[in-house]
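Participant: Sequence:
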Amino acid sequence: MALRGPAGLGPGCRRPLDEAVAAAEGREAPALLAAGGAPEDEEEDDGRGRGLLRWDGFSAWLHCVCVVGFDLELGQAVEVIYPQHSKLTDKEKTNICYLSFPDSNSGCLGDTQFCFRFRQSSGRRVSLHCLLDQFDKDLPVYLKKDPAYFYGYVYFRQVRDKTLKRGYFQKSLVLISKLPYIHFFHTVLKQIAPEYFEKSEPYLEAACNDVDRWPAPVPGKTLHLPIMGVVMKVRIPTCHDKPGTTQIVQFTQQADTNISVILPTVHEVDLFRCFCPVFLHSQMLWELVLLGEPLVVMAPSPSESSETVLALVNSSFSHLFCFVLFCFVLYRPSVILGVTNPFFAKTLQHWPHIIRIGDLKPTGEIPKQVKVKKLKNLKTLDSKPGVYTSYKPYLNRDEEIIKQLQKGVQQKRPSEAQSVILRRYFLELTQSFIIPLERYVASLMPLQKSISPWKSPPQLRQFLPEEFMKTLEKTGPQLTSRIKGDWIGLYRHFLKSPNFDGWFKTRRKEMTQKLEALHLEALCEEDLLLWIQKHTEVETVDLVLKLKNKLLQADREHLPVKPDTMEKLRTHIDAIILALPEDLQGILLKTGMT
0 MALRGPAGLG
10 PGCRRPLDEA
20 VAAAEGREAP
30 ALLAAGGAPE
40 DEEEDDGRGR
50 GLLRWDGFSA
60 WLHCVCVVGF
70 DLELGQAVEV
80 IYPQHSKLTD
90 KEKTNICYLS
100 FPDSNSGCLG
110 DTQFCFRFRQ
120 SSGRRVSLHC
130 LLDQFDKDLP
140 VYLKKDPAYF
150 YGYVYFRQVR
160 DKTLKRGYFQ
170 KSLVLISKLP
180 YIHFFHTVLK
190 QIAPEYFEKS
200 EPYLEAACND
210 VDRWPAPVPG
220 KTLHLPIMGV
230 VMKVRIPTCH
240 DKPGTTQIVQ
250 FTQQADTNIS
260 VILPTVHEVD
270 LFRCFCPVFL
280 HSQMLWELVL
290 LGEPLVVMAP
300 SPSESSETVL
310 ALVNSSFSHL
320 FCFVLFCFVL
330 YRPSVILGVT
340 NPFFAKTLQH
350 WPHIIRIGDL
360 KPTGEIPKQV
370 KVKKLKNLKT
380 LDSKPGVYTS
390 YKPYLNRDEE
400 IIKQLQKGVQ
410 QKRPSEAQSV
420 ILRRYFLELT
430 QSFIIPLERY
440 VASLMPLQKS
450 ISPWKSPPQL
460 RQFLPEEFMK
470 TLEKTGPQLT
480 SRIKGDWIGL
490 YRHFLKSPNF
500 DGWFKTRRKE
510 MTQKLEALHL
520 EALCEEDLLL
530 WIQKHTEVET
540 VDLVLKLKNK
550 LLQADREHLP
560 VKPDTMEKLR
570 THIDAIILAL
580 PEDLQGILLK
590 TGMT
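Residues 0 to 593 (numbering that gives the first Met the number 0) are what the sequence shown spells out, left to right.
Treat the hints as calculated values from the structure; they're not laboratory data. Accuracy of the hints is not assured; some may be wrong.
[To be verified] Okay, derived cross-link-like pairs now, DSS-like style, lysine-lysine, Cα gap no bigger than 27 Å in a straight line:
id	residue 1	residue 2
1	LYS533	LYS504
2	LYS373	LYS483
3	LYS504	LYS454
4	LYS144	LYS232
5	LYS561	LYS508
6	LYS220	LYS161
7	LYS567	LYS144
8	LYS561	LYS589
9	LYS533	LYS549
10	LYS545	LYS483
11	LYS86	LYS144
12	LYS448	LYS370
All values derive from a computational prediction rather than experimental measurement.
Turn these sequences into a full structure, and let the hints guide you.
Facilitator: Take a look at the structure:
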């Protein structure tokens, strides 16, 4: 869908005709050249005792940086792609152009930040940055990369300029990344975008060179990241962190005196500010997100739209699932859409759940609470803010959390503190819901004593919905939650939802990998040299090949195997090979890995 953006051409947007034509035709426009920079395949020392190819450090964090301007004849156009070797397909460039310019009634005068997610073009070569794939296994589910998508982090500036034909300077600086680190990249943009709009391309080049010198985004490590004279201190969460906590240590040592910015989170948004207009209905919205119900967020600006979508994602299964963010479609998949164009008020009125919000108030100001309204009332472009749905919540409203938040408003409690309260509430609600499911799924795991080194690992038992339902009477959410209501109905609805399919698929994969790891451990405990004495050479060679495949599988699938187990298995393989005739030894040592 082609959405027309606001017009205007600002300083710094002057481009040769061939570049403009290239952008219009979807060809690769000439990109910024790093003056004096190393060629893309030149190896340089990163100062940490290892050689890196030019831009390897940059690629660990970003795919590229784009500058999108508005051309009077061509509309939105990608003016700059940096570094110069970064590749974007025609379709990807088109998506970036349309999604990085606001389209709303507000006009978005001044500076606006927001984010979007878009699908990579089919046929794109898989990233060669294998190191990032290694890091992925230590990340929480909601921070893992999705190989099918890019994130776009936007800093858009629109200011009046009488020297321009249309009277406005309009331009977006866009960071394209595989990493869903919303708060982190918004902070990076706040540091570099205002200066870029003043100093143009040389400043952007210098900022990208800073990023190229950053350490890799290793989960669990506290990282110091310099960017244009500012040093940011961040820590990327791991899957082992306790949910709802931040592990970054506030600096008190003298060694931290150079730190300019400390980020307690890389991904979270101001939850209470986004939920403020609807916090009376926050529990109902939690149910809708939990059940994977299609949701549309209509807001006057892209920043309010994308932040509200992200807040909804964070409200429910954020530590278990990833959701589709901020896109424009006309069918009804299990997604949360954020839109700004008033055209959608009528086009999307067939969607079952719509949240229409007004301007979000600055921190400390409380907007009027919106009401739940019938969908049939959402007909005109000037519909009032509200939650338009016919959904009836399964659970009774928790008046205690509402009173707690209202008291915070009256006492002018900081938004950050309100967000902590709301986030803890959602986390406890989600945990109360998921614990009975986790307990039942764990019972599907075969007993360890049933694992034999000489047989394939046993299969998981089948998930039986009615069998699970029977467990709720004694070990249901009533053990951990004060909230009353139709929990059984909520579970039945959830088991039929796409979110259950995604969650159970992930858990089944984890348990299957655990079984494979236990099978490897059982093999390591066997006396394999004694075994080969009782079997033929053909059977022994077959065993070696199978063991090597097991090692490859453990590495490829990141099986939860102890390091000493892997080492024991390699030792077994070497010992078996040395017990074979020399001609077979030569063949097997060249086959695969040991």
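Participant: Please go over all the hints and tell whether each is borne out by the structure.
Facilitator: Hints, verified against the model:
1. Distance hint between LYS533 and LYS504 is unfulfilled; the C-alpha atoms sit about 41 Å from each other, more than 27 Å.
2. Distance check on the hinted pair: LYS373 and LYS483 sit about 25 Å apart at the alpha-carbon level, within 27 Å; holds.
3. Distance hint between LYS504 and LYS454 is fulfilled; the C-alpha atoms sit about 24 Å from each other, no more than 27 Å.
4. For the hint pairing LYS144 with LYS232, the CA-to-CA distance comes to about 22 Å; that is within 27 Å, so the pair holds.
5. As the CA atoms of LYS561 and LYS508 are separated by approximately 18 Å, the hinted pair is consistent with the 27 Å bound.
6. As the CA atoms of LYS220 and LYS161 are separated by approximately 49 Å, the hinted pair breaks the 27 Å bound.
7. Restraint check: the Cα-Cα separation between LYS567 and LYS144 comes to about 32 Å, which exceeds 27 Å; the hinted pair is violated.
8. The suggested pairing of LYS561 with LYS589 holds, with an alpha-carbon distance near 26 Å, which does not exceed 27 Å.
9. At roughly 22 Å between alpha-carbon atoms, LYS533 and LYS549 fall within 27 Å of each other, so this suggested pair holds.
10. At most 27 Å may separate the alpha-carbon atoms for a hinted pair to count; LYS545 and LYS483 exceed this at roughly 54 Å.
11. The hinted pair formed by LYS86 and LYS144 meets the criterion: a straight-line CA distance of about 19 Å does not exceed 27 Å.
12. The suggested pairing of LYS448 with LYS370 is violated, with an alpha-carbon distance near 57 Å, which exceeds 27 Å.
Hint compliance for this structure: hints 1, 6, 7, 10, 12 are not met, and every other hint is.
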